[in-house]
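Protein chains: 2
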Amino acid sequence: MSQTAITPTRAANFPEWYQQVIKAADMAENSSVRGCMIIKPWGYGLWETIQRILDRRFKETGHKNAYFPLFIPLSLLSKEAEHVDGFATESAVVTHHRLKKGADGKLHPDGELEEPLVVRPTSEMIIMEAYARWVQSYRDLPLLINQWANVVRWEMRTRLFLRTAEFLWQEGHTAHATAEEAETETLTMLDVYADFMRNCMAMPVIKGRKTPAERFPGAEETYTVEAMMQDGKALQAGTSHFLGQNFAKAAGIQFLDKDGQQKHVWTTSWGVSTRMIGGLIMTHSDDDGLVLPPRVAPSHVVLLPILKGGEADAAVLKMCDDIKARLSQVAYHGRVVEVEIDTREMNAGERKWEWVKKGIPLRIEVGPKDVESGKVPVSRRDRDAKDKTFAAVDELVGGIVALLDDIQSSLYQRALALRDERLQVITSEDDFRAYFAGEGAKGFALCAWAGDEALEKQLKSELQVTTRCLPLAGELPHEVGGTCIFTGKPGELVVFGKAY
Amino acid sequence: MSQTAITPTRAANFPEWYQQVIKAADMAENSSVRGCMIIKPWGYGLWETIQRILDRRFKETGHKNAYFPLFIPLSLLSKEAEHVDGFATESAVVTHHRLKKGADGKLHPDGELEEPLVVRPTSEMIIMEAYARWVQSYRDLPLLINQWANVVRWEMRTRLFLRTAEFLWQEGHTAHATAEEAETETLTMLDVYADFMRNCMAMPVIKGRKTPAERFPGAEETYTVEAMMQDGKALQAGTSHFLGQNFAKAAGIQFLDKDGQQKHVWTTSWGVSTRMIGGLIMTHSDDDGLVLPPRVAPSHVVLLPILKGGEADAAVLKMCDDIKARLSQVAYHGRVVEVEIDTREMNAGERKWEWVKKGIPLRIEVGPKDVESGKVPVSRRDRDAKDKTFAAVDELVGGIVALLDDIQSSLYQRALALRDERLQVITSEDDFRAYFAGEGAKGFALCAWAGDEALEKQLKSELQVTTRCLPLAGELPHEVGGTCIFTGKPGELVVFGKAY
Numbered sequence: 001m002s003q004t005a006i007t008p009t010r011a012a013n014f015p016e017w018y019q020q021v022i023k024a025a026d027m028a029e030n031s032s033v034r035g036c037m038i039i040k041p042w043g044y045g046l047w048e049t050i051q052r053i054l055d056r057r058f059k060e061t062g063h064k065n066a067y068f069p070l071f072i073p074l075s076l077l078s079k080e081a082e083h084v085d086g087f088a089t090e091s092a093v094v095t096h097h098r099l100k101k102g103a104d105g106k107l108h109p110d111g112e113l114e115e116p117l118v119v120r121p122t123s124e125m126i127i128m129e130a131y132a133r134w135v136q137s138y139r140d141l142p143l144l145i146n147q148w149a150n151v152v153r154w155e156m157r158t159r160l161f162l163r164t165a166e167f168l169w170q171e172g173h174t175a176h177a178t179a180e181e182a183e184t185e186t187l188t189m190l191d192v193y194a195d196f197m198r199n200c201m202a203m204p205v206i207k208g209r210k211t212p213a214e215r216f217p218g219a220e221e222t223y224t225v226e227a228m229m230q231d232g233k234a235l236q237a238g239t240s241h242f243l244g245q246n247f248a249k250a251a252g253i254q255f256l257d258k259d260g261q262q263k264h265v266w267t268t269s270w271g272v273s274t275r276m277i278g279g280l281i282m283t284h285s286d287d288d289g290l291v292l293p294p295r296v297a298p299s300h301v302v303l304l305p306i307l308k309g310g311e312a313d314a315a316v317l318k319m320c321d322d323i324k325a326r327l328s329q330v331a332y333h334g335r336v337v338e339v340e341i342d343t344r345e346m347n348a349g350e351r352k353w354e355w356v357k358k359g360i361p362l363r364i365e366v367g368p369k370d371v372e373s374g375k376v377p378v379s380r381r382d383r384d385a386k387d388k389t390f391a392a393v394d395e396l397v398g399g400i401v402a403l404l405d406d407i408q409s410s411l412y413q414r415a416l417a418l419r420d421e422r423l424q425v426i427t428s429e430d431d432f433r434a435y436f437a438g439e440g441a442k443g444f445a446l447c448a449w450a451g452d453e454a455l456e457k458q459l460k461s462e463l464q465v466t467t468r469c470l471p472l473a474g475e476l477p478h479e480v481g482g483t484c485i486f487t488g489k490p491g492e493l494v495v496f497g498k499a500y
Numbered sequence: 001m002s003q004t005a006i007t008p009t010r011a012a013n014f015p016e017w018y019q020q021v022i023k024a025a026d027m028a029e030n031s032s033v034r035g036c037m038i039i040k041p042w043g044y045g046l047w048e049t050i051q052r053i054l055d056r057r058f059k060e061t062g063h064k065n066a067y068f069p070l071f072i073p074l075s076l077l078s079k080e081a082e083h084v085d086g087f088a089t090e091s092a093v094v095t096h097h098r099l100k101k102g103a104d105g106k107l108h109p110d111g112e113l114e115e116p117l118v119v120r121p122t123s124e125m126i127i128m129e130a131y132a133r134w135v136q137s138y139r140d141l142p143l144l145i146n147q148w149a150n151v152v153r154w155e156m157r158t159r160l161f162l163r164t165a166e167f168l169w170q171e172g173h174t175a176h177a178t179a180e181e182a183e184t185e186t187l188t189m190l191d192v193y194a195d196f197m198r199n200c201m202a203m204p205v206i207k208g209r210k211t212p213a214e215r216f217p218g219a220e221e222t223y224t225v226e227a228m229m230q231d232g233k234a235l236q237a238g239t240s241h242f243l244g245q246n247f248a249k250a251a252g253i254q255f256l257d258k259d260g261q262q263k264h265v266w267t268t269s270w271g272v273s274t275r276m277i278g279g280l281i282m283t284h285s286d287d288d289g290l291v292l293p294p295r296v297a298p299s300h301v302v303l304l305p306i307l308k309g310g311e312a313d314a315a316v317l318k319m320c321d322d323i324k325a326r327l328s329q330v331a332y333h334g335r336v337v338e339v340e341i342d343t344r345e346m347n348a349g350e351r352k353w354e355w356v357k358k359g360i361p362l363r364i365e366v367g368p369k370d371v372e373s374g375k376v377p378v379s380r381r382d383r384d385a386k387d388k389t390f391a392a393v394d395e396l397v398g399g400i401v402a403l404l405d406d407i408q409s410s411l412y413q414r415a416l417a418l419r420d421e422r423l424q425v426i427t428s429e430d431d432f433r434a435y436f437a438g439e440g441a442k443g444f445a446l447c448a449w450a451g452d453e454a455l456e457k458q459l460k461s462e463l464q465v466t467t468r469c470l471p472l473a474g475e476l477p478h479e480v481g482g483t484c485i486f487t488g489k490p491g492e493l494v495v496f497g498k499a500y
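Each protein sequence line maps, in turn, to chains H and A.
The opening residue of the first sequence carries number 1 in the working numbering; numbering runs sequentially from there.
The opening residue of the second sequence carries number 1 in the working numbering; numbering runs sequentially from there.
Hints were generated in silico from the structure; no laboratory data involved.
Treat the hints with care, since some could be wrong.
Chain copies aren't distinguished; within one or between two, either way the pair holds.
Each computed DSS-like pair below joins lysine-lysine, with the alpha-carbon atoms no more than 27 Å apart [unchecked claim]: (1) Lys100 - Lys79; (2) Lys101 - Lys457; (3) Lys460 - Lys489; (4) Lys318 - Lys369; (5) Lys388 - Lys369; (6) Lys318 - Lys386; (7) Lys59 - Lys318; (8) Lys352 - Lys64; (9) Lys375 - Lys386; (10) Lys352 - Lys23; (11) Lys79 - Lys106; (12) Lys386 - Lys64; (13) Lys352 - Lys106; (14) Lys79 - Lys375; (15) Lys375 - Lys352; (16) Lys258 - Lys460; (17) Lys79 - Lys263; (18) Lys308 - Lys352; (19) Lys442 - Lys460; (20) Lys460 - Lys324; (21) Lys249 - Lys457.
None of these values were measured; they are calculated from a predicted model.
Please put together the full structure from these sequences, using the hints given.
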């Protein structure tokens, strides 16, 4: 730790540390619009790499992108009762279509719409309405479509990335001829998410089913990938919903099957959002600031030339240009190694610390001595900020992929070890209450569960604890015995946590 | 032409032909939300290639992407008077933030906002407000940011892609220390657009300045790239605005310059939208349907196996797979040659015509005879639909880039020739009125102009004609004499047209 580190530390005040990490990395900030954030270039660059990787995986699994309207007529949104009720308290509503000068000389809303339009909180209904037109026969199925879009949910308490009134996301919406196909799709996309989180975001997630109380409004089954943050709290990083025929019936999506019968389709939806970025920050960052896994970092390497205003400068800059040119030729997981050169006139220590706080995986300071020796000092963001290892340029270029992959895997292993330490098997209600007593979160409780919605509601209000998921087979090695710690009935393994 | 062609033809009813081309290519359709379109996968795929190319060019010219809020508080939008007036009649306004069940059992808007929020018609004010926070010193300049986003302008008469209530676009917003730098930026981005339109969209555009009457609300100078459609009408395909210090003053963006003085920045903005896709359609498509320039086509080649259900099928499919595998290895302008194989069980003629109407640059039907001969019949979309040329697979793979480039350039040359035929130098007001009399559009009139806003208004209301631009030096070779055909004053070259 250093004087230039983030204040406060994680231990002192985790929520405030989180805000300060974002600020110091210049990723995002609040705007003058209640609850809406501005995603600044470094934060948006991260979103772009996330988009690029996920988009490729969606296409590899047979999906195509499309775009549907931002607005949903209120009567259309209301067609699936449980769905609209789930979003009613957080809907931004457009009621007028122009502005007109009033007697006070100021502009006021004018031209009231015949029907109010809800700014999409999610697009099931507007997309299902289209599918009802598009699907006639089994030959039109499956319909595998994804949309990258902004959505609005009027949250009262917002926090950058984690919970904002407007956020960016992708939402996949598919329609199938059979329940089995739709269930397979739901789990395939859950796997795409889990694989992406683990291998690219370096986040160890648990795949599982949500309890009925925690399902998406209108879903028959919601699957989730649950991550643990460094403060022991849970973050739902992505969800994949099996929607059964609920939306198909609400929107009237029917097809003529091979057997000559008219049937409703089976649908799914699945999404991840800019919220994941909040999860990434709280998984890896340290008291020096942001830490980015190389697979999703907007840039991998920053070259920091030490310029003295003298004759040596030209050679220093040339060495930086050469290193950049050579590294930029190296392929790295579907793109190339991305290199920045920062030549800003400012104190070298301050400049270095800006990049530490931005979480770039590798920093290389290049001075006249390094030009002479032909070796440059390489500093890894996952090590202490003072550490450096000297490498000849050939060695650097030849070893860059292995080095970045090593950082990637060390971040995953560190996060996994931290999480596993904080998975606690709980065998009695008393232990459960003791574990979750007080304000903070120690981690996840694993126990046998056979409770119902009423019990979940009670635990949430008493302890701020929710069921995170019923882990899929093979996700966790823990044994929890067979009896629900609350009801004494035969139960199954559930993960409890305090959630973001 | 064939029975499977588009009805009506271009000559019979150009606007209806346009709608039918979009429908036949399955690019987009109207939604149940007034004026909002659904962009279907083939149309969205085109937008994705456009985005990929432009995004790379923006980054090459030093810009980074960011994201700003969808909503603009009414008081903030009102800070630049001319600007807000320009958008007042087409603003979608959010006035409530939740839904509540009424006495009728239905949901109604509830929770009125203290201040109405306008859904962004463009983002100058919300971005400039952020810049006012971000810019303190000359060291913070220039600020070069682009945003990919949806915007809403409540148009009363909409048409797919050309004019929709919601559309997708990019908007660049930059701030500079000097007027000269901002002017250079404005023209650099105009060049990026013109180059993209010409070399990727195969659209011959004219770069020029707008007259004061046609400027963006709040701009000091608006530059445009103007294209001519096959019906002789004009389409503004992109604009780049020099905003002077208007927005800087409205938003209070000041910086401490090197000379120790506090100064307002100079700003620019520039944008292109999904409207360009409408321009692309009306530039190249023919009575058989959509025609796509290879540089922006979502896919380049479709392989159409002729399957008979017999033993030969396996060899036919294998040949298609082999061709696809080999073509997919070939680099084509920053991506690879993209190949589709269409194995749907349907009439081969109908299937072929679907792809003709989708405008894919190359179609290759592969049957058992082709497997035997080792040569496949290649059909170009820019030639008659019945034409085909046989090529051995090696020849096809080795020549694919040249072949696609030849289609690209033939489309540009064809469009250029058509446009040049329809550029008419006009030397008197009588000739001008005769040229533009009646409903349709013959093309562009080039004449000397020294008129004012009142005269432009009059010509627009009498003849539905507007000034398209004052062409930049070197854009057009035409001489127009020195005297304005309306006022007799010394004038300069202007392009008039009937616009979309």
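Hint-by-hint comparison with the structure:
no.	hint	in the structure
1	Lys100 - Lys79	between (33 Å within a copy, 15 Å between copies)
2	Lys101 - Lys457	between (49 Å within a copy, 24 Å between copies)
3	Lys460 - Lys489	within (21 Å within a copy, 80 Å between copies)
4	Lys318 - Lys369	within (14 Å within a copy, 60 Å between copies)
5	Lys388 - Lys369	within (15 Å within a copy, 66 Å between copies)
6	Lys318 - Lys386	within (25 Å within a copy, 58 Å between copies)
7	Lys59 - Lys318	between (41 Å within a copy, 23 Å between copies)
8	Lys352 - Lys64	between (42 Å within a copy, 21 Å between copies)
9	Lys375 - Lys386	within (17 Å within a copy, 64 Å between copies)
10	Lys352 - Lys23	within (16 Å within a copy, 56 Å between copies)
11	Lys79 - Lys106	between (38 Å within a copy, 11 Å between copies)
12	Lys386 - Lys64	neither (46 Å within a copy, 30 Å between copies)
13	Lys352 - Lys106	neither (49 Å within a copy, 59 Å between copies)
14	Lys79 - Lys375	neither (67 Å within a copy, 56 Å between copies)
15	Lys375 - Lys352	within (19 Å within a copy, 61 Å between copies)
16	Lys258 - Lys460	neither (48 Å within a copy, 58 Å between copies)
17	Lys79 - Lys263	within (19 Å within a copy, 55 Å between copies)
18	Lys308 - Lys352	within (16 Å within a copy, 67 Å between copies)
19	Lys442 - Lys460	within (16 Å within a copy, 71 Å between copies)
20	Lys460 - Lys324	neither (53 Å within a copy, 55 Å between copies)
21	Lys249 - Lys457	neither (30 Å within a copy, 53 Å between copies)
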